[in-house]
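K.L.:
Given next are the chains, with one letter for each unit.
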Amino acid sequence: MAQVRTAFFFRGGKYVRYEIDPVTGAETVNHDFYPRGVAEAWSAMPASFTQGVDAVVNWPDGFVYFFKGSQYVRWDATNDTVDASFYPHDTASQWPALPASFAAGMNAAINWGDGRVFFFKGPKYVRYDLQTDSVDHTVYPRDISEGWPDFPAAFKSGVDAAVNWGNGTAYFFKGGQYLNYDIQNEKVRPGYPLPITEPGKWPELVRAGFTGPIDEVIEWPQADVASVDIPGRLVSCSKSTQPEVHCGGEFEMHAVFADADPSIPACGEYRQYIRGELEVNGQPVRFITKEHGVPAPRLMRSRPGQGSADDHFIEDGQAASSPANHFHVDLDYGHRDAAVGNENLNDVYVVKRRSGEQYAGRDTPGGVGAPGTFFKIDVDFRGNLIDVCNDGRVLFTREWTVNCQVP
Amino acid sequence: MNDETPRLAGDFWVYPSLHEVTGTSVRVNVAIAVEQPFDLQDSDVAVELVAGGQSLSVAEAPVPGPLPAIQMTGANAYALYRFDNPDGLALESVTVTVRGGSTAFDVSLPVG
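Read top to bottom, the protein sequences are chains A and B. Every letter in the first sequence is one number past the one before it in my numbering, and letter 4, counting from 1, is 4. Every letter in the second sequence is one number past the one before it in my numbering, and letter 57, counting from 1, is 464.
One chain only, chain B, in its complex shape (with noise of 0.2 Å):
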């Protein structure tokens, strides 16, 4: 990741770090700030990973059902997806959506 700082996707600020399973596969952690657990479902939130140019396939998902979450002050939900990336491709950016809105990430630098 390029910087360490949430953005608003939609009305929820996102924040998603990148940790690299294997050379194959990809794993992304999407933290989103709730106020209360079980604010969202799996269903609310999508994510796409792109790499060399293409959209990597999803090999894990969050199960069908609300989100978990830790509560501090706030709240986060957690969606916990992995990516295959068969090829070793260069990662480029991550987009996550929350009930429609977006915003992307750079993940160009280097994973971890």
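Bound-form chain A, shown alone (with noise of 0.2 Å):
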């Protein structure tokens, strides 16, 4: 299911969030909250680039790139924290594929979504491949005026800002004006440039008090799901009593995030919660189990009852401090941050942990004992998948059981 889309003007030390709807092509802005500081919501973002930016990017693997002037700043849209000991970093040290003159300070950005990000200067451009790291400086910089010929003069001198709005549009913006651009058919649509505030065009915006000129505007990185399989081949009771006693269940979860800017893998995330009842030898017993981030393990918690405000869920994990975990670290289902990155081969993300698109997971839940144990193992699982960039947005539920008992 498409999600809401959300785009961040800036201009000076203000921004405005802007919120599209994909099905019913609704935009909205809450205009109680913003125009809004800069620096009283991106926390995390350096002073000096709290007071204006010049160009913001994202980038395929959930990281969002704020230039401004010859510094650069990299945002991690998927905890939204900023490493604070680096950044913001000159842009010439890190960014040697781009030319001299763009590391010095930069217009505009905006990623292609096609493996391309485009940057502006002046009256220059130039086409950054994404898989390469690299740019063609044979061809780059570029005058705008010949790569993009039906740009109207005032744009063919310099963007200030630029934006792919998902669907197949491109934006620029120059002073108070802006061009709607045909990504695919690689053209300014007919009757562009149009001022912003051209009745019915940016209401929003125009509501707001963004009417030109724009810093830069930037689709903010989400997760979507283009298929899921969880729980996949599900196994609620498998048992045998020789030579030891198994009693328990399997399954698997296999996930994949669409990948077409600003649709980011990296923004997608699995997360396995349980609850339930436990019982060896006819005795009920508890469960150790550790939480992602939580300093210390909790116990697994029995079903609610009726009516109840907490549905008793808590991560299903194991902690780092147990001598027996040979990563001896905290392990957990579908954290792409998690110290043992892919080497859990339980719990994968291909082709990289941290961007890959395809998630794979499986769960053997159950009882191991000696000949002669009795176990009942009556537990809820509930498999998410969700959207680290957007505040752990859920994006996809579902609950089942394992269910067994032995003898």
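Among these hints, one or two may not hold up.
Pairs of lysine to any residue, SDA-like flavour, derived with a Cα cap of 25 Å [claimed, not checked]: (1) A:Lys376 <-> B:Glu427; (2) A:Lys14 <-> A:Tyr34; (3) A:Lys376 <-> B:Val428; (4) A:Lys376 <-> B:Phe445.
It is worth saying that the hints were derived from the structure and are not from the lab.
Given two chains presented individually in distinct reference frames, assemble the corresponding complex, making use of the accompanying hints.
P.N.:
Right, here's the structure in full:
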């Protein structure tokens, strides 16, 4: 299901959060909150970047790059953090593919959604290849008038801001005007440029007082689910008594996250939660689990009574401090930032853990004991796919039960 | 139990749950976080239940050999005990020892 998309418009030290409903096309701004100070809301942003930015662009690995003058900041959209020990940093030293004149400062940047990013500065632009992290210096920097021949003259001399709207349209802003650009057909749509104030075009921006010039616009990265099979191959009870007693279930977790800017796989993650009842040799027993980011382990909780507001699910995990945990790190399902990376073969993102679009997990919950051991396993599982770039918004949820008893 | 927080006994997270069987005995079911089933043997674990200022005698303990376990993402091994409490002494503490590391839980509140 398509999620509401978010774009941010920046001007000076202020910004506007712009929401786009992909189904109805409705575009809204909460005017009770916006425009708002960048310093007020982007708490991880270095102070020097809170009074205005020149260019902003999202990258396929979930990072968003903010450029100002000769410096840049890498914002991790998956957890809204900036490594303050490194950023802001000189663009020239970390972006060797960019021409020196661009590293010294830019006006706008746009992820074209097909492996290319365009950077604009004055009447020039550069095409950046994401796959190879390179720029063809035999061609670029190139005049906007050559590469974008149907741009109006005012835009050939430079653009203030550019954004890929994610629906086949890119918008370019200059002063109080903008262009609607048809990405597939590589041309400016007829009738443009128009003023931002043109009736019926950007009413929410006009109401917010963002009528130009606009410093930059970014459509914020987000997760979208392309396909999901959770739980896959579910066996809710499988048991044997020789040579050891085994009693439990098994299932797999498969998900594919969409990869079509601004839908970025790095924003999509899996989470698994548990609750229920356990018995060993006829005795009720508790289960020690470890939730990601929670300092100490907790106990799995029983199912709640009817009408309870608390569903009693807690995260299914293992604490690092167990000496038998040979990874020596906390283990949980689906966290891309797991210190163990992709080494736990029951919890893998393909190809790269940070940015892979496919998630594959496997779980075999149940009891194991010497012959004669009794088990009763009655555990509910909840699997969620979430968008970590947008406050953990739940994209998919499913619950299932492993219920098994021996003898 | 005063709270439901596992504690470290040496290197192992442990949690004992108490159940009064009759007025004269108490069960202590200890969960111990491990990674794999059969990581622990019965001889790796010891439990002391104190009531009325004295250690209660063990009536049932894990059978010799590997402890049964249940696995989710991680695994828990289980050591199940029953203690005699013929005089119905007020429970005070449970001390769990795993491979030489110990931790004590206050169990002065009602069992259950």
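K.L.:
Next, verify each hint and record whether it holds.
P.N.:
Against the structure, the hints:
1. A:Lys376 <-> B:Glu427: Status holds; Cα separation ~21 Å.
2. A:Lys14 <-> A:Tyr34: holds, 8 Å
3. A:Lys376 <-> B:Val428: Holds: A:Lys376 and B:Val428 sit about 20 Å apart, inside 25 Å.
4. A:Lys376 <-> B:Phe445: holds, 18 Å
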